[in-house]
Amino acid sequence: GENVEQHPSTLSVQEGDSAVIKCTYSDSASNYFPWYKQELGKRPQLIIDIRSNVGEKKDQRIAVTLNKTAKHFSLHITETQPEDSAVYFCAASITGNTPLVFGKGTRLSVIA
Amino acid sequence: DSGVTQTPKHLITATGQRVTLRCSPRSGDLSVYWYQQSLDQGLQFLIQYYNGEERAKGNILERFSAQQFPDLHSELNLSSLELGDSALYFCASTLAGENTGELFFGEGSRLTVL
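First to last, the sequence lines map onto chains U and X.
Add 136 to the 1-based position in the first sequence for my numbering, that's all there is to it.
Add 8 to the 1-based position in the second sequence for my numbering, that's all there is to it.
Hints are computed from structural coordinates only; laboratory data are not their basis.
Hints may contain errors.
[Stated by the list, open to error] Residues on chain X that point at chain U, a partial pick, calculated with CB under 10 Å:
#1 Ser10
#2 Val12
#3 Tyr41
#4 Asp48
#5 Gln49
#6 Leu51
#7 Gln52
#8 Phe98
#9 Phe113
#10 Gly114
From the three backbone atoms N, C-alpha and C, an ideal C-beta is built for every residue, glycine too.
Given the sequences, and given the hints that come with them, work out the whole structure.
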């Protein structure tokens with residue numbers, strides 16, 4: 137089955153700097169790659185997703201890139217703010233077939 | 009508010025006991041997923057139901073079972089509890105059986121086994 141590896145497990149950045157979180161997946165048939173944000177004590181919420189027919193997607197300060205050949209995808213957050221502090225999870229699945237498999241998460245701390 | 013309701017929010021019990029966690033999906037959603045979140049293990053997929061039928065099974069222990077009822081709410085039953093079962097259990101729902109988009113998570117049920 138699918139296996140998703142996520143790095144780093146913790147990340148600290150200064151406010152205003154960029155943050156990058158990377159994930160790799162094992163199943164070349166996976167074609168849906170969402171990112172979820174979980175604030176302390178809250179539920180995970182989708183922040184952005186990408187499907188395998190595109191290489192990059194952007195939504196304001198966040199962007200996701202996908203390299204299907206290398207089987208990795210990344211989350212980029214620019215101009216980080218204290219409210220970006222949370223745990224971020226990447227995930228992968230085969231659309232229409234399998235439930236999401238999540239990475240173990242990255243705890244992002246934005247230092248003011 | 010995601011529209012997914014989970015009860016209880018917190019549960020403390022002893023080893024060997026049995027508990028039931030309940031989930032009401034968003035109105036109109038037919039698919040319910042259960043995930044377990046432990047400290048260092050991220051979100052582990054347990055089981056999925058679609059319109060009352062089991063759709064997919066993940067790393068769910070034999071001591072655990074689930075079902076989805078005709079009104080689409082779901083229950084996760086955990087029996088012969090062990091210390092290692094202490095975790096946050098999330099329910100999530102989607103409209104369709106296929107994974108085509110956003111999972112809407114509930115607030116979770118935090119289980120502590122003493």
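How the hints compare with the structure:
1. Ser10: holds, 6 Å
2. Val12: holds, 8 Å
3. Tyr41: holds, 6 Å
4. Asp48: Holds, because the Cβ-Cβ distance from Asp48/X to chain U comes to roughly 7 Å (cut-off 10 Å).
5. Gln49: holds, 7 Å
6. Leu51: holds, 4 Å
7. Gln52: Because about 8 Å separates Gln52/X from the closest Cβ in chain U, which is inside the 10 Å limit, the hint holds.
8. Phe98: With Cβ-Cβ at 7 Å, under 10 Å, it holds.
9. Phe113: holds, 4 Å
10. Gly114: Holds: closest Cβ of chain U sits about 6 Å from Gly114/X, inside 10 Å.
Of the numbered hints stated above, none is contradicted by the structure.
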